[in-house]
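K.L.:
Make the full structure from the sequences, and use the hints.
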Amino acid sequence: GDSVTQMEGPVTLSEEAFLTINCTYTATGYPSLFWYVQYPGEGLQLLLKATKADDKGSNKGFEATYRKETTSFHLEKGSVQVSDSAVYFCALISSNDYKLSFGAGTTVTVRA
Amino acid sequence: NAGVTQTPKFQVLKTGQSMTLQCAQDMNHNSMYWYRQDPGMGLRLIYYSASEGTTDKGEVPNGYNVSRLNKREFSLRLESAAPSQTSVYFCASSEALGWAEAFFGQGTRLTVV
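Note that the protein sequences, when read in sequence, are chains H and P.
For the first sequence, the numbering used here assigns the number 35 to the initial residue and increments by one for each residue that follows.
For the second sequence, the numbering used here assigns the number 17 to the initial residue and increments by one for each residue that follows.
You may find that some hints are simply not true.
Claimed, not checked - DSS-like cross-link-like pairs, simulated, lysine-lysine; straight-line CA separation at most 27 Å:
hint : chain 1 : residue 1 : chain 2 : residue 2
1    : H       : Lys133    : P       : Lys73
2    : H       : Lys133    : P       : Lys87
3    : P       : Lys30     : P       : Lys73
4    : H       : Lys133    : P       : Lys25
Hints are computed from structural coordinates only; laboratory data are not their basis.
The structure presented is a predicted model; accordingly, all values stated were derived computationally and were not measured.
P.N.:
Next up, the structure:
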């Protein structure tokens with residue numbers, strides 16, 4: 035079935051550093067792609083999304099572009115803050131069965 | 017606005033005991049889900065309910081049962097708990113199956129000893 039693979043963590047950065055988390059997907063159809071974020075002690079919440087090729091999702095300074103040619107949806111932020119410390123999940127909704135599937139998650143820690 | 021509420025937040029069970037995890041949403045969503053979260057494996061879908069009155073197996077249904085009690089509530093039951101079911105369980109809901117945004121509860125941390 036459709037799946038996502040994201041880079042393993044943990045990732046530790048200093049404040050104002052550039053963050054990239056790689057995500058690639060495998061799909062037989064045309065999935066919608068998402069990044070979810072989980073702050074400590076909380077459930078997941080949607081960070082951004084892209085529903086078709088070349089779409090760019092953005093929110094809170096984070097961006098990700100749906101690249102069909104490389105089957106990727108990498109998450110980037112130009113200048114991270116301590117408050118960005120969280121676990122980030124790449125996810126897709128399959129166009130075959132409409133179920134939401136997640137990658138393994140990447141733990142990001144930002145130090146002051 | 018409560019969103020998705022799960023109870024309990026923490027639970028310790030002995031092997032063989034049973035328990036039910038409760039979930040309720042107040043957003044009038046049609047679809048509800050149960051996931052488990054394990055280190056290095058992300059979230060895996062246990063069961064889902066596309067709409068009131070329907071339930072279907074997800075990726076890892078063995079050892080679990082579910083009930084969609086009404087449109088608001090979706091419970092997960094462990095009939096005979098095993099150590100392999102030690103995990104963090106999340107309930108989620110969305111307007112419809114395949115709808116872009118799913119809303120998650122805060123999770124239930126379950127330990128089976």
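K.L.:
If you test the structure against every hint from before, which numbers come out violated?
P.N.:
Checked against the structure, no hint fails, so every one of them is satisfied.
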